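If you read the sequences in order, they're chains A and B.
Under our numbering, the first residue of the first sequence is numbered 1, with each subsequent residue one higher.
Under our numbering, the first residue of the second sequence is numbered 1, with each subsequent residue one higher.
The set of hints was computed from the structure by calculation and includes no laboratory data.
Quantities reported herein were computed from a predicted structural model and do not represent experimental measurements.
Glycine is no exception: its CB is placed at the ideal position from the N, C-alpha and C atoms.
Be aware that one or more of the hints could be misleading.
As the list claims (entries may be wrong) - The calculated lysine to any residue pairs, modelled on SDA-like cross-linking and capped at a C-alpha distance of 20 Å, are:
#1 B:Lys27 / A:Ser76
#2 B:Lys13 / A:Ser12
#3 A:Lys84 / A:His41
#4 B:Lys19 / A:Lys84
#5 A:Lys19 / B:Lys13
#6 B:Lys27 / A:Pro32
#7 B:Lys19 / A:Gly25
#8 B:Lys27 / A:Ser53
#9 B:Lys27 / A:Ile49
#10 B:Lys27 / A:His46
#11 B:Lys27 / A:Asn141
#12 B:Lys13 / A:Lys188
#13 B:Lys19 / A:Leu45
#14 A:Lys188 / A:Ser12
#15 B:Lys27 / A:Lys188
#16 B:Lys13 / A:Lys16
#17 B:Lys19 / A:Ser12
#18 A:Lys192 / B:Pro12
#19 B:Lys27 / A:Gly42
#20 B:Lys27 / A:Gly39
#21 B:Lys19 / A:Ile49
#22 B:Lys27 / A:Gln23
#23 B:Lys19 / A:Met38
#24 A:Lys16 / B:Lys27
#25 B:Lys19 / A:Lys188
#26 B:Lys13 / A:Lys84
#27 B:Lys13 / A:Asp58
#28 B:Lys27 / A:Lys84
Stated by the list, open to error - To give a feel for the contact side, a few chain B residues facing chain A, derived at Cβ under 10 Å:
#29 Arg5
#30 Asn8
#31 Lys19
#32 Glu20
#33 Phe25
#34 Ala26
#35 Lys27
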Amino acid sequence: MTDPREVVALDSPLRKVFKQSYQLGYHVAGLPVEIGGMGLHGLGLHVLIEEMSWGAVDLGLSLLCASFPFAAAAASGNPELYEKFVRPYVADREGSMIGCWAITEPQHGSDELAPGTPQFHNPRVTGQVVARVDGDSYVINGQKAAWVSNGTIATHAALYLTTDRKAGMAGGGIAFVPLNLPGVSKGKPLNKLGQRRLNQGEIYFDNVRIPRCA
Amino acid sequence: METYRELNLEIPKDIESVKESVHRFAKDSFARRPRCSTE
Chain A
1 MTDPREVVAL
11 DSPLRKVFKQ
21 SYQLGYHVAG
31 LPVEIGGMGL
41 HGLGLHVLIE
51 EMSWGAVDLG
61 LSLLCASFPF
71 AAAAASGNPE
81 LYEKFVRPYV
91 ADREGSMIGC
101 WAITEPQHGS
111 DELAPGTPQF
121 HNPRVTGQVV
131 ARVDGDSYVI
141 NGQKAAWVSN
151 GTIATHAALY
161 LTTDRKAGMA
171 GGGIAFVPLN
181 LPGVSKGKPL
191 NKLGQRRLNQ
201 GEIYFDNVRI
211 PRCA
Chain B
1 METYRELNLE
11 IPKDIESVKE
21 SVHRFAKDSF
31 ARRPRCSTE
């Protein structure tokens with residue numbers, strides 16, 4: 001089987017498909033028309049995802065995850081995030097801006113998505129990537145698991161963070177984090193038996209600083 | 001989980017065109033070809 005590093009190499013077939021997808025505008029399928037997206041939602045978005053997955057479910061998932069942080073930034077209504085990150089993403093036709101959904105950590109899965117459960121508020125069930133306030137910044141430390149989709153090829157993350165461990169999974173939030181910031185490093189692409197076109201891998205945060213207001 | 005095909009949903013015309021173009025993209029760019037035939 002192909003080495004997972006070759007699967008995501010800059011001259012790989014996967015990168016060419018990413019570029020084609022961006023040139024066709026599918027990377028902005030879920031973004032509003034007013035900001036240059038396709039404005040798909042509900043059934044339309046479902047059909048797009050299902051057709052991509054008909055071709056290859058792993059690659060379809062990778063293309064879908066690529067938009068997560070930018071769609072979240074657009075939905076935030078924050079003008080600085082929009083100008084600095086969403087606008088260039090919408091204009092990207094090279095597939096150079098790739099997002100990831102960084103939630104899973106070595107000791108838990110997507111537990112932040114279970115707010116209706118008693119465990120969500122259990123202080124014994126908490127996240128490992130922690131953000132602490134330092135002046136006008138959050139300082140981020142910790143590790144995301146090897147299961148982060150697009151983990152080693154992503155340029156930006158929708159990063160799930162813990163800010164108050166006493167509150168369990170409820171004590172956190174989501175930050176938009178460029179992955180070229182000082183202190184960010186990545187593991188090797190995960191070598192899997194299946195879904196090999198879905199890149200996955202760890203992301204490490206060592207005193208990574210992001211502004212509190214953005 | 002059912003697919004939209006299995007649910008037999010009526011697809012509006014504007015979404016139908018998206019469906020066709022995405023299907024063509026997937027088919028031409030990255031859909032898996034069968035490696036061997038059982039026939």
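*asked:* For a quick check of understanding: which of the numbered hints are violated here, in increasing order?
replied: 1, 2, 3, 4, 5, 6, 11, 12, 15, 16, 17, 18, 19, 20, 25, 26, 27, 28 and 30
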